[in-house]
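J.: Going down the list, the sequences are from chains A and B. Just so you know, we're using the working numbering here: the first sequence kicks off at 83 and counts up by one. Just so you know, we're using the working numbering here: the second sequence kicks off at 37 and counts up by one.
Hint data in this document are derived by calculation from the structure and do not stem from the laboratory. Every residue gets a Cβ at the ideal spot worked out from N, C-alpha and C, and that includes glycine. The reader is advised that the hints may include incorrect statements.
[Unchecked claim] Facing chain A, a subset of chain B residues (Cβ under 7 Å, in silico):
1. L47
2. V51
3. E55
4. Y59
5. F66
6. I69
7. L71
8. F84
[To be verified] Listed next, the in silico BS3-like pairs over lysine-lysine satisfying Cα-Cα at most 25 Å (straight line):
9. A:K170 <-> B:K46
10. A:K188 <-> B:K75
11. A:K112 <-> A:K170
12. B:K46 <-> A:K172
13. B:K68 <-> A:K180
14. A:K112 <-> B:K79
15. B:K46 <-> A:K106
16. A:K195 <-> A:K172
17. B:K68 <-> A:K179
18. B:K75 <-> A:K179
19. A:K195 <-> B:K75
20. A:K112 <-> A:K179
21. A:K188 <-> B:K68
22. A:K180 <-> B:K46
23. A:K112 <-> B:K46
24. A:K195 <-> B:K68
25. A:K195 <-> B:K46
26. B:K68 <-> A:K198
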Amino acid sequence: MGAEVITVSTDTQFVHLAWQRHEKELAAVKYPMGSDPTGNLARMFGVYDDTSGLALRGTFIINPEGILMNSEVNFYNMGRNIDELMRKYKANLYLAKKTDEGCPSKWQDEGDKTLKPSPDMVGRVHEALND
Amino acid sequence: MSDCQETRLKLGHPVPDFEIDTYDPAVNNFGKISLEGQKSAGKWTILFFYPADFTFV
């Protein structure tokens, strides 16, 4: 996929190992599991919850230059949509090459319609998306 | 003061370097990952925070 996905919680790497070996749902997991027992990394990204000592469900995409390109945070009780995360990652890869274009909400993959902001498009986004 | 601190990082701005310990199931071993290492390797990084092991992610 070209990106390093790192899952992170405030558990240690030893607990990660125990969980990954025990939980059958994780048998196929190939991502490095990061440990942030101090919560410092979670604090840096603004997802550390002082009342629980846990990290909220935050997802962050960082480009190869170290620039933060996407952020999304869900509360404890809501899971994330991995398809949407992959869509955002693919859009980031595409937009890194095509810096004058924009990926609209329904963009899924290369070849799908993009937008090029211009005076002609002002007030005519519907036509740009559908013509 | 809210329970969760406001993030100081902003979209389009550099993320300060960090390094964390890891368990990597792909190689069945412990290791370290740093943002500097990711940048040197020319790789994108996706950080996926979740509350706790042994719960749903």
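J.: Hint by hint, note whether the structure agrees.
T.: So, going through the hints one by one against the coordinates:
Given the 7 Å rule on beta carbons, the hint for B:L47 holds: about 6 Å separates it from the nearest Cβ of chain A. At its closest, the beta carbon of B:V51 sits 5 Å from a beta carbon of chain A; the interface hint therefore holds under the 7 Å criterion. With 7 Å as the threshold, the beta carbon of B:E55 stays out of range of chain A, its nearest partner Cβ sitting at about 9 Å, so the hint is violated. Against a cut-off of 7 Å between C-beta atoms, the interface hint on B:Y59 holds, since the closest Cβ of chain A lies about 4 Å away.
At its closest, the beta carbon of B:F66 sits 5 Å from a beta carbon of chain A; the interface hint therefore holds under the 7 Å criterion. Using the Cβ-Cβ criterion of 7 Å, the hint placing B:I69 at the interface with chain A is satisfied: the shortest such distance is roughly 6 Å. The beta carbon of B:L71 comes within 6 Å of a beta carbon in chain A, closer than 7 Å, and the hint placing it at the interface holds. Of the supplied interface hints, the one on B:F84 holds, with its beta-carbon coming within about 5 Å of a beta-carbon of chain A, less than 7 Å.
Proposed proximity of A:K170 and B:K46 is supported: the alpha carbons are some 17 Å apart, at most 25 Å. This hinted pair does not check out: A:K188 and B:K75 have alpha carbons roughly 30 Å apart, beyond 25 Å. In summary, the hint linking A:K112 to A:K170 is supported, as the alpha carbons are separated by about 21 Å, within the 25 Å threshold. The hinted pair formed by B:K46 and A:K172 meets the criterion: a straight-line CA distance of about 21 Å does not exceed 25 Å.
For the proposed pair B:K68 and A:K180, the alpha carbon gap of about 33 Å is over 25 Å, so the pair is violated. With a C-alpha separation of about 17 Å, the suggested pairing of A:K112 with B:K79 holds against the 25 Å cut-off. Between B:K46 and A:K106, the direct Cα distance comes to roughly 37 Å. Violation of the 25 Å bound is thereby established for this hinted pair. For the proposed pair A:K195 and A:K172, the alpha carbon gap of about 14 Å is at most 25 Å, so the pair holds.
Distance hint between B:K68 and A:K179 is unfulfilled; the C-alpha atoms sit about 30 Å from each other, more than 25 Å. In summary, the hint linking B:K75 to A:K179 is supported, as the alpha carbons are separated by about 18 Å, within the 25 Å threshold. For the hint pairing A:K195 with B:K75, the CA-to-CA distance comes to about 31 Å; that exceeds 25 Å, so the pair is violated. Distance hint between A:K112 and A:K179 is unfulfilled; the C-alpha atoms sit about 28 Å from each other, more than 25 Å.
About 37 Å separates the Cα atoms of A:K188 and B:K68, which puts this hinted pair outside 25 Å; it is violated. Distance restraint check for A:K180 and B:K46: the Cα-Cα separation of roughly 22 Å lies within the 25 Å cut-off, and the hinted pair is therefore satisfied. Between the alpha carbons of A:K112 and B:K46 the distance comes to roughly 29 Å, so the proposed pair goes past 25 Å and is violated. Using a Cα cut-off of 25 Å, the hinted pair A:K195 and B:K68 is violated, with the two alpha carbons roughly 40 Å apart.
Distance hint between A:K195 and B:K46 is unfulfilled; the C-alpha atoms sit about 28 Å from each other, more than 25 Å. The straight-line distance between the Cα atoms of B:K68 and A:K198 is roughly 41 Å, outside the 25 Å bound, and the hint therefore fails.
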